Amino acid sequence: PASGTNFVLGTTPVSCSVNDTNGNTSTAGFDVVVTDESKPIITLTGSATINLGTGDLYTEEGAVASDLVDGTFAATTGGDVVNTAVPATYVVTYDASDSHGNAADQVTRSVIVSDDDAPVITVTGVDPQIIEVHGSYVELGATVADNYDTGLVALIDVTALNLNLVGEYIVKYDATDVAGNHAVQKT
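In the numbering used here, the protein residues as written are 1 to 187.
Since the hints were derived computationally from the structure, they do not count as laboratory data.
Some hints here could point you the wrong way.
[Unchecked claim] Simulated restraints on C-beta separations:
id: 1; residue 1: G23; residue 2: G101; range: 43 to 51 Å
id: 2; residue 1: S110; residue 2: T143; range: 19 to 27 Å
id: 3; residue 1: D31; residue 2: Q106; range: 31 to 39 Å
id: 4; residue 1: I112; residue 2: L165; range: 47 to 55 Å
id: 5; residue 1: Y58; residue 2: V33; range: 41 to 49 Å
A quick note: this is a predicted structure, and the numbers were derived from the prediction, not measured.
The beta carbon of each residue, even a glycine, is placed where N, CA and C say it ideally should be.
Throw the hints in and build the complete structure from the sequences for me.
As structure tokens, then:
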């Protein structure tokens, strides 16, 4: 090849000849070896952090690898399997290697699933309860259901109740799950 030639990937034999002023010629040969040592670069499609509520739909957006020789291609997805029924932080990984075995630096996406559903209170017993003045109040209770937490108990507020005075009184039922979601207050 001529001087200044760019060589392609692989091995290219090169032969050089030189002539001196006396007409002597000398020839030598060598190989030019061009290798691909550059690693691909991975770019996430979408955000590096995704926040979801329990039960929300997670759609994997993937990532793309770009390489000087191989061009653009899809990165391989791995890491945690996102389960939106279970609050947790999931780490999805993306890897890629080009056709010459150069591995890209791994890229990750955090998918944070949070419990954002409030518990539901169900008041048991009759409503309204009718109690004679100076009678006794028997709390009939309430149940609390939650999408994730178990064993939740309703907080029952009977402070407004005055059994010595005729009137209508409100008993309040509240509940909060471990994630801090407040139930709609029942009365």
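Structure-based check of all given hints:
1. Hint check: G23 to G101, Cβ distance near 49 Å, so the stated range 43 to 51 Å holds.
2. Our hint of 19 to 27 Å for S110 and T143 is violated, since their Cβ atoms are close to 36 Å apart.
3. The hint said 31 to 39 Å for the Cβ distance between D31 and Q106, and at roughly 35 Å that hint holds.
4. Remark: the range hint 47 to 55 Å for I112 to L165 is upheld by a beta-carbon distance near 52 Å.
5. For the pair Y58 and V33, the beta carbons lie near 47 Å from each other, so the given range of 41 to 49 Å is met.
Hint 2 alone, counting from the list given before, is not met by this structure.
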